[in-house]
Each structure stands twice: as C-alpha cells, then as structure tokens.
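Fit chain B to the supplied structure of chain A, relying on the hints for placement.
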Amino acid sequence: MALSIDVTGDEAKRLGARVVGGLLQNLIDHRADKLLDELEA
Amino acid sequence: MSGSAPRHSGVVHDSSVGAIPTVRSPTCSSGEIAFPTKLEDVTLTWIASAFGVDPSSITAFELTIPDQNPGYGSEIAFLRISSTADIPTCAMIKVPPLHPESAALARAAGSFRREAVFYKFLAPETPVRTPEVHAVEVDDSTGDAILVLEDCSSMATFSFIRDDPQVRLDQLQAMVKTAARLHAHWWNRSDELARFDAVMRPGHPTWTSLARFTQSALGHFLDSPWAEFAPAESIPTLRRVAQNFGRLLTDWWPTNNLTLAHMDFHVQNMFYDHDTPDDPILAFDWDGCHIAPGAHDVAYLLSLLPIDLRRRHEAELPSHYHANLKLEGVSNYGLRTSCGTTDLVVSSTRIYCRWRSASM
Chain A
1 MALSIDVTGD
11 EAKRLGARVV
21 GGLLQNLIDH
31 RADKLLDELE
41 A
Chain B
1 MSGSAPRHSG
11 VVHDSSVGAI
21 PTVRSPTCSS
31 GEIAFPTKLE
41 DVTLTWIASA
51 FGVDPSSITA
61 FELTIPDQNP
71 GYGSEIAFLR
81 ISSTADIPTC
91 AMIKVPPLHP
101 ESAALARAAG
111 SFRREAVFYK
121 FLAPETPVRT
131 PEVHAVEVDD
141 STGDAILVLE
151 DCSSMATFSF
161 IRDDPQVRLD
171 QLQAMVKTAA
181 RLHAHWWNRS
191 DELARFDAVM
201 RPGHPTWTSL
211 ARFTQSALGH
221 FLDSPWAEFA
231 PAESIPTLRR
241 VAQNFGRLLT
251 DWWPTNNLTL
261 AHMDFHVQNM
271 FYDHDTPDDP
281 ILAFDWDGCH
291 IAPGAHDVAY
301 LLSLLPIDLR
311 RRHEAELPSH
321 YHANLKLEGV
331 SNYGLRTSCG
341 TTDLVVSSTR
351 IYCRWRSASM
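Quick mapping for you: the protein sequence lines, in order, are chains A and B. For the record, in the first sequence the residue sitting at position 23 is 23 according to this note's numbering, with numbers rising by one throughout. For the record, in the second sequence the residue sitting at position 313 is 313 according to this note's numbering, with numbers rising by one throughout.
This is chain A alone, in the form it adopts within the complex (with noise of 0.2 Å):
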C-alpha cells in the first residue's frame, strides 16, 4: 500500500520506539498478563 512505512529510515525509528515502545511499556506496566489471567478464569 502506498501507506507503507519504511521502517528503515530514521524517522520511522525514532516514531516506533516513541510510539510502539511507549505502548508495549504500558502492558507492562500494567500487568496485561495479569489482566488476562483473570479474564481467563
């Protein structure tokens, strides 16, 4: 698609580590894994 991301370049790096890093630390922060624990009970 022509919305294709190159995520070679430096702005596409410095955008996913802000926003995909950011992210992902926040599962973590917020135990997701516990979360889903008790959802599966």
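No wet-lab data here; the hints were simulated from the structure. Quick caveat, the model's predicted, so the values are computed rather than measured. Backbone N, C-alpha and C define an ideal beta-carbon position, used for all residues, glycine too. Treat the hints with care, as some may be off.
Unchecked claim - SDA-like, lysine to any residue: derived pairs with alpha carbons at most 20 Å apart: (1) A:LYS34 - B:ASN244; (2) A:LYS34 - B:PRO236; (3) B:LYS38 - B:PRO66; (4) A:LYS34 - B:PRO254; (5) A:LYS34 - B:PRO66; (6) A:LYS34 - B:TRP252; (7) A:LYS34 - B:PHE51; (8) B:LYS120 - B:MET263; (9) B:LYS120 - B:PRO231; (10) B:LYS326 - B:ARG311; (11) B:LYS120 - B:ARG201; (12) B:LYS38 - B:VAL128; (13) B:LYS38 - B:ALA108; (14) B:LYS120 - B:ARG240; (15) B:LYS120 - B:GLY143; (16) A:LYS34 - B:SER234; (17) B:LYS326 - B:VAL128; (18) A:LYS34 - B:PRO231; (19) A:LYS34 - B:ALA108; (20) B:LYS120 - B:ALA109; (21) B:LYS120 - B:GLU62; (22) A:LYS34 - B:ALA232; (23) A:LYS34 - B:ARG247; (24) B:LYS120 - B:ARG239; (25) A:LYS34 - B:ALA109; (26) A:LYS34 - B:GLU314; (27) A:LYS34 - B:ARG201; (28) A:LYS34 - B:ARG195; (29) B:LYS120 - B:ASP191; (30) A:LYS34 - B:VAL128; (31) A:LYS34 - B:GLN243; (32) A:LYS34 - B:PRO124.
Stated by the list, open to error - Residues from chain A that face chain B, not an exhaustive set, calculated with beta carbons under 7 Å: (33) VAL20; (34) GLY21; (35) LEU39.
For chain B alone, kept in the frame of chain A given last:
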C-alpha cells in the same frame, strides 16, 4: 491559486516542502453531482450552496491542500473565501481519502460517514468544543461525505512524536475535563445514540469485524520489523494479548456505564485555544466515535504519551477525570472502575493494531 474573477475554482498544493504543481479544476455545476467527494470537484457554486448564499456573493476562493496530509482516513484542504456575504473567510474542507485502498477501508469501516453523522447530528447537542460545523453532506448509500469545518489551524496543537514542546499537565487536565463533560452528557443514553446506526456499539457488525481484523493485524505485527521496537520482555504478554484481542473487544468489552466515547482521544486530535483558557480544548477526528466506556478515552490519551510523561501523570489524570465526571452529575461510578487496567490494556493494544494496519 488566488484571483478575483468570479466562478473560477482554484486548488493549490502547499509547496513549502516540495514542489507540487498547481491544479485547476473546471467549474462544475451543482447539478452534475450531489456534492463533491474530491477536493478538485469543489466549486464556487457548491461553496455558495454550503454556506447558504448566492453564488454571485462569492468573488473568489482558494483551496490549499497541505503538502503532507496529517491523516490517512481523509483528504483535507484549507478554503479561503472572498465574499460580499456574511460568511467565514476561511474554513477547512474534508473529503474521503483519495487512495483507492484507503477509500475502500473508510467505506468498509464506515469511518467517514460516522464522522459526518457525528458533526451533523451529535456535535450540536454535545457540550464539548469541536471545530464549528459550516456544512455537512453525507450519502448514506455510499458512506461518502464532505465536511466544511472551522479552520482551527491558528490554534496550538500537540504531538506525541515531537519531543518539544511536551504537553503540560494543566493541558492534559483540560483534555480529561473535556472527556468527562462529553461522557457525562451521554452517560447511559445508549438507546438514544443507537438511533444513529453509523455510531458503533458493542455487537455492532463493524466493531466485530474490526475486532477480528485487529487481532489478525496484531499477530502480523509480531512477525514484522516493527517488533524490534518492542521491549523483549513484552513479547510473551503481547502474544497472549494478540490471541485474546478479539475477546477483549467483544466478550470482555464492558457493557455497563456506557457513553459516547471519542475512541481516538489522543493529543494530536486536539486543538488548544489560548484565547479561551476556561474551555481551551477542541476535539476533532470523530470518525471512531462509539458507545463505549468513557474511561477508554482517558486510557487512550495516557497510552500515547511518552513513557515518562504517562508514568508521571497516570495517577493524577484518572482522578481528575473521575472528579469532573462527578461534578457533571455522574454518580455511582467508582474511581477504580473509571480507568482500570482493562481500559489501558485495550486502548494500548487497539492503538498498536491501528499502527500496524496503517503500515501494512
């Protein structure tokens, strides 16, 4: 392009970054199409109709297309009008995306129609600021629409990508206060909102379809180059989230205390009006609005902040949100419920999937 000759339409692309040729489009009578769905098809006659004035009162207009489109779900242009009538001299025009695959996605998700329905029917009775609506036209059969909105480009904006300036706590508080006012107004009024079939709700076919799509997208993400940005310790959790994401959005999606949620409530979808410090936030991009737990918007806002900023304020902001919900009359809703882990996880993961789907 600008000029003084009447009945000439003009489209210019902002060439401040790259050289893009000026495009002139022929004048199109309003009888040829019900309303324009491409920026090039916007004519003086249609503009006059949109503002409810006689075409002869408009002496010139200019459409400027930003060189870099800030979104992928629409095309926008800034309109400048010279007129003898009492109408705004500037506005923003928004039409469906030009790219065929983006347009197909917008139609399949009903996103452009949803935003048009919000601005046409819900914004006028929702007590939060949005860009002022000058005109909205929507074709229910295709989902295509055109929006003519207040040009807010002179207001302050924020970014979760730029390092500086970072959004301040008082600005974030103003955002969650706006969210509280939105949510309190529509609290437990799902039946009224459900009259608008464009607005998604639990069990809505579009939402169910998106749940399946995003679960699949998250799985693809784990095999993509983007996964290198993931902290290694997050991968096992992410795999579990990916396996269960459809259920998070359906079976495990809250069904109580629902309201109208923006669902894309991040700092880049806000204007900040310094001239009105008591009510400075204007929220835009309502194409995902949904009957949902309002806390999702707060969690989403927090989820897209830089990590240090989120950690610094993630105790304060849900409390501020909850206090404002109470001030707006919402009772029997606990703070623990108001921005729980479920919302943070779901909102984080949803953003994730949007990211992935935008880069596929």
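Hints versus structure:
1. Distance restraint check for LYS34 of chain A and ASN244 of chain B: the Cα-Cα separation of roughly 13 Å lies within the 20 Å cut-off, and the hinted pair is therefore satisfied.
2. Distance restraint check for LYS34 of chain A and PRO236 of chain B: the Cα-Cα separation of roughly 12 Å lies within the 20 Å cut-off, and the hinted pair is therefore satisfied.
3. Restraint check for LYS38 of chain B and PRO66 of chain B: satisfied, since their Cα atoms lie roughly 15 Å apart, inside the 20 Å limit.
4. Simply put, LYS34 of chain A and PRO254 of chain B have alpha-carbon atoms about 18 Å apart, close enough for the 20 Å limit, and the pair holds.
5. A hinted pair counts as satisfied when its Cα atoms are at most 20 Å apart, and LYS34 of chain A with PRO66 of chain B does not qualify at roughly 45 Å.
6. Only pairs whose Cα atoms come within 20 Å are accepted, and LYS34 of chain A paired with TRP252 of chain B is accepted, the gap being roughly 15 Å.
7. Taking the CA atoms of LYS34 of chain A and PHE51 of chain B, the gap is near 54 Å; set against the 20 Å cutoff, the hint is violated.
8. Between LYS120 of chain B and MET263 of chain B the alpha-carbon distance is near 18 Å, which keeps this suggested pair within the 20 Å criterion.
9. Distance hint between LYS120 of chain B and PRO231 of chain B is unfulfilled; the C-alpha atoms sit about 43 Å from each other, more than 20 Å.
10. A distance of roughly 24 Å separates the Cα atoms of LYS326 of chain B and ARG311 of chain B; the hinted pair therefore is violated under the 20 Å criterion.
11. Simply put, LYS120 of chain B and ARG201 of chain B have alpha-carbon atoms about 19 Å apart, close enough for the 20 Å limit, and the pair holds.
12. Distance hint between LYS38 of chain B and VAL128 of chain B is unfulfilled; the C-alpha atoms sit about 29 Å from each other, more than 20 Å.
13. Restraint check: the Cα-Cα separation between LYS38 of chain B and ALA108 of chain B comes to about 18 Å, which is no more than 20 Å; the hinted pair holds.
14. For the given pair, LYS120 of chain B sits about 40 Å from ARG240 of chain B by alpha-carbon distance, which is inconsistent with the 20 Å threshold.
15. Proximity of LYS120 of chain B to GLY143 of chain B is assessed by CA-CA distance (about 14 Å); at most 20 Å being required, the pair is judged to hold.
16. Proposed proximity of LYS34 of chain A and SER234 of chain B is supported: the alpha carbons are some 13 Å apart, at most 20 Å.
17. As the CA atoms of LYS326 of chain B and VAL128 of chain B are separated by approximately 17 Å, the hinted pair is consistent with the 20 Å bound.
18. For the hint pairing LYS34 of chain A with PRO231 of chain B, the CA-to-CA distance comes to about 18 Å; that is within 20 Å, so the pair holds.
19. For the proposed pair LYS34 of chain A and ALA108 of chain B, the alpha carbon gap of about 35 Å is over 20 Å, so the pair is violated.
20. Taking the CA atoms of LYS120 of chain B and ALA109 of chain B, the gap is near 19 Å; set against the 20 Å cutoff, the hint holds.
21. For the hint linking LYS120 of chain B to GLU62 of chain B, the alpha-carbon distance of about 25 Å lies beyond 20 Å, and the restraint is violated.
22. With a C-alpha separation of about 18 Å, the suggested pair LYS34 of chain A and ALA232 of chain B falls inside the 20 Å cut-off, and the hint holds.
23. A distance of roughly 16 Å separates the Cα atoms of LYS34 of chain A and ARG247 of chain B; the hinted pair therefore holds under the 20 Å criterion.
24. Taken as a hint, the LYS120 of chain B and ARG239 of chain B pair is broken in the structure, with Cα atoms around 41 Å apart against an allowance of 20 Å.
25. Restraint check for LYS34 of chain A and ALA109 of chain B: not satisfied, since their Cα atoms lie roughly 32 Å apart, outside the 20 Å limit.
26. Taking the CA atoms of LYS34 of chain A and GLU314 of chain B, the gap is about 19 Å. The hint holds against a cut of 20 Å.
27. Restraint check: the Cα-Cα separation between LYS34 of chain A and ARG201 of chain B comes to about 27 Å, which exceeds 20 Å; the hinted pair is violated.
28. For the suggested pair LYS34 of chain A and ARG195 of chain B, the alpha carbons sit about 37 Å apart, so the restraint of at most 20 Å is broken.
29. Note on LYS120 of chain B and ASP191 of chain B: the hinted pairing holds, with a Cα-Cα distance of about 18 Å set against a maximum of 20 Å.
30. Only pairs whose Cα atoms come within 20 Å are accepted, and LYS34 of chain A paired with VAL128 of chain B is rejected, the gap being roughly 36 Å.
31. Between LYS34 of chain A and GLN243 of chain B the alpha-carbon distance is near 15 Å, which keeps this suggested pair within the 20 Å criterion.
32. Our distance criterion of 20 Å between C-alpha atoms is broken by LYS34 of chain A and PRO124 of chain B, whose separation comes to about 42 Å.
33. Nearest Cβ of chain B to the Cβ of VAL20 of chain A: about 4 Å, under the 7 Å cut. The hint holds.
34. For GLY21 of chain A, the interface hint holds, since its Cβ comes within 7 Å of a Cβ in chain B; the closest pair sits about 5 Å apart.
35. Among the interface hints, the one on LEU39 of chain A holds; its C-beta lies about 5 Å from the nearest C-beta in chain B, closer than the 7 Å criterion.
Hints 5, 7, 9, 10, 12, 14, 19, 21, 24, 25, 27, 28, 30 and 32 from the list above are not met by this structure, while the remaining hints are.
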